[in-house]
Amino acid sequence: MENTANMNEVDVLMVEDSPNDAELIARALSKVNIANKIYWVKDGEEALEFVFSTGKYASRMPIAPLKVMLLDLKLPKVNGLEVLAKIKADERTKTVPVVIVTSSQEDRDLKEAYKLGANSYIVKPIDATSFVKALSEAGLYWLAINKPPVIK
Amino acid sequence: MTLLIKKLSVNTLNAVLIFLIMAIFLVVSFLSYQSLLRIDTDEYWVLHSYQVQGDLDTLISDLENMETGQRGYVITGQQDFLEPYNTGLTDVNKTFQTLQTLTAGNATQQQYLAAMQPLIAAKEADLQNSISLRTNGGFNVAQADVLTDKGKMIMDSIRAVVASMQTTETGLLQTRTDDLSQINAMTESIVIWGSIIGFLFAVLVNYIIYKFVIGEMVRKPLLEEALKANKEMEAFSYSVSHDLRAPLRAIDGFTQILVEDYADKLGDEGKRVAGVVRASTQQMGRLIDDLLSFSRLGRAEVKKTSINMTVLANEAYAEVKRSAPDRNIEFVMAALPDANGDVDLIRQVWANLFTNAVKFTSKTEKAKIEVGSTSDGNSVTYYVKDNGAGFDMQYVAKLFGVFQRLHSVEEFEGTGIGLANVKRIIERHGGSARAEGRVGEGAIFYFTLPKA
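So the protein lines, in turn, are chains A and B. Counting the first sequence from 1 gives a position; our numbering is that position plus 1279. Counting the second sequence from 1 gives a position; our numbering is that position plus 17.
Hint data in this document are derived by calculation from the structure and do not stem from the laboratory. Possibly wrong hints are sitting among the right ones.
Each computed DSS-like pair below joins lysine-lysine, with the alpha-carbon atoms no more than 25 Å apart [to be verified]:
hint, chain 1, residue 1, chain 2, residue 2
1, A, K1412, B, K338
2, B, K288, B, K338
3, B, K402, B, K415
4, A, K1390, A, K1316
5, B, K248, A, K1310
6, B, K111, A, K1353
7, B, K376, B, K402
8, B, K320, A, K1394
9, A, K1373, A, K1346
10, A, K1310, A, K1335
11, A, K1321, A, K1353
12, A, K1394, A, K1365
13, B, K288, A, K1390
14, B, K320, A, K1390
15, B, K321, B, K288
16, A, K1310, B, K282
17, A, K1335, A, K1365
18, A, K1356, A, K1310
19, A, K1356, A, K1412
20, A, K1412, B, K380
21, A, K1390, B, K248
22, A, K1335, A, K1346
I would like the entire structure built from these sequences, with the hints used as guidance.
In structure tokens form, the structure reads like this:
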């Protein structure tokens, strides 16, 4: 799966280490016509670099903030909860809606995620139909229905 | 009794008992030592009395010696016969001095000696006088003096005083011997009882050590091992939930992509095959989920509170019925007594039993589910009864097994974990679960819980 979106015009940042899951999520979002504004990063470190315009993404100068971040918990280098903590702790990024998309149903992950300020928590079902339904509905909600906070 | 011991904490109890044993030992030692000291004193005074009594006898015999000397001389007029008189004279004074010293502490005896002193002086004077008369006056004069019996009268008085002193001394002896037997008896009791009690405490200490401390020493490493195994299981389940489901999701998802994007190339048969792949993946997913929740139950904390079972059962049934809205089921529930347990876990029990009841009455014309309870002593038995497919009692043992089913997935869907969960939860509450059924006629599932 290739990133086709312009990194300065991204609405959805998808942080997912599994290419299969990434493809399924993107497919679900394409069903509600938002595939062109998705950017995919494979680990926590890249996610932070993207959000804060550092390292690999130092040249990134977004026009508008992200409308939503789909964040997996089990990530290489920097895990999901750490990414969440850093994003919610920074004044510039704490208003970005973060939706946790993970296989973990463990209570401790659920508790910790909300404690750190996650806006939503979706458990990846095995059944593809439910998965697609959940992601497309979530995508539609956060991009079309939900009003993002005013910038500047 | 066992609970009391556990409550007081084994270590405290042992410490107290050992302290008591040492205390008993110290007390017995101290009391025994005291007795020895008293015995020593008593024995000293007994010997003392014997000495006084002996000296009193010596006093008399000293005086009698003097009499013998005087008599011999009066009869014979020969100086040699005065020897016993001379020895007696020295001895009497010595003996009297000794008696004075020995009885120094006793007022009565001192008074008697004071009375005796002039009498002895008188006796000595009388004997001296008799001897002088013989020396100077000759036999007849001396004889006349003896015949006056004066000597005998003085001697009798002296004997009377000595007799009184002997009696006094005997009285003292009796007191001492009485005291000695009393001490003997007391010391005997102290030593015997002290030993018995000390021994019993020692036995008790050993019993406690054997039963609780050694038991703990054996149990502790076993407990640590069990906890370690539990932790490993947790890590294992966590990894299972994540790592096993991801590939399953891929299989299901990408099969669906095939169906959606390559529908014309697959045709009807291709679509059916894809359907089988998807259905199998989803079944496997359910099995994994159920296995995971089953294992979580074993680790779950049981937070006990008082539960309104009527409300809880109704809630659980409503939830289950929501996923089968088109079904027409007669639901009858009597008021249920409160129970003591973990609300979330007991809710799962009701949910599982109702899911089964609803599921297995799906082929019954007039489906009916009944809920009730019976109570006895300190536990309550709740039951869920249905008139569904029922089961053959010969397989009742398998009913609560993990992933054990008596029907195929085609007849009734499911993984066979529901009743295993029920059993596990109820057992963790200290209760029990059982079932009765008849093929084609329905089934009743019972579970007992301790009273609220």
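Each hint tested on the structure:
Restraint check for K1412 (chain A) and K338 (chain B): satisfied, since their Cα atoms lie roughly 23 Å apart, inside the 25 Å limit. Between K288 (chain B) and K338 (chain B), the direct Cα distance comes to roughly 32 Å. Violation of the 25 Å bound is thereby established for this hinted pair. Distance check on the hinted pair: K402 (chain B) and K415 (chain B) sit about 19 Å apart at the alpha-carbon level, within 25 Å; holds. Our distance criterion of 25 Å between C-alpha atoms is broken by K1390 (chain A) and K1316 (chain A), whose separation comes to about 30 Å.
Taking the CA atoms of K248 (chain B) and K1310 (chain A), the gap is about 43 Å. The hint is violated against a cut of 25 Å. With a CA separation close to 117 Å, the supplied pair K111 (chain B) and K1353 (chain A) exceeds the 25 Å bound. Of the supplied pair hints, the one linking K376 (chain B) and K402 (chain B) holds, its CA atoms being roughly 13 Å apart against a limit of 25 Å. Between K320 (chain B) and K1394 (chain A) the CA atoms are separated by roughly 23 Å; this keeps the pair inside 25 Å, and the hint holds.
For the given pair, K1373 (chain A) sits about 12 Å from K1346 (chain A) by alpha-carbon distance, which is consistent with the 25 Å threshold. At roughly 30 Å between alpha-carbon atoms, K1310 (chain A) and K1335 (chain A) are farther apart than 25 Å, so this suggested pair is violated. For the proposed pair K1321 (chain A) and K1353 (chain A), the alpha carbon gap of about 11 Å is at most 25 Å, so the pair holds. Distance hint between K1394 (chain A) and K1365 (chain A) is fulfilled; the C-alpha atoms sit about 13 Å from each other, no more than 25 Å.
Distance restraint check for K288 (chain B) and K1390 (chain A): the Cα-Cα separation of roughly 41 Å exceeds the 25 Å cut-off, and the hinted pair is therefore not satisfied. Taking the CA atoms of K320 (chain B) and K1390 (chain A), the gap is about 19 Å. The hint holds against a cut of 25 Å. Simply put, K321 (chain B) and K288 (chain B) have alpha-carbon atoms about 51 Å apart, too far for the 25 Å limit, and the pair is violated. For the proposed pair K1310 (chain A) and K282 (chain B), the alpha carbon gap of about 22 Å is at most 25 Å, so the pair holds.
At most 25 Å may separate the alpha-carbon atoms for a hinted pair to count; K1335 (chain A) and K1365 (chain A) meet this at roughly 18 Å. Restraint check for K1356 (chain A) and K1310 (chain A): not satisfied, since their Cα atoms lie roughly 31 Å apart, outside the 25 Å limit. Proposed proximity of K1356 (chain A) and K1412 (chain A) is contradicted: the alpha carbons are some 30 Å apart, above 25 Å. With a C-alpha separation of about 31 Å, the suggested pairing of K1412 (chain A) with K380 (chain B) is violated against the 25 Å cut-off.
Distance hint between K1390 (chain A) and K248 (chain B) is fulfilled; the C-alpha atoms sit about 20 Å from each other, no more than 25 Å. Only pairs whose Cα atoms come within 25 Å are accepted, and K1335 (chain A) paired with K1346 (chain A) is accepted, the gap being roughly 21 Å.
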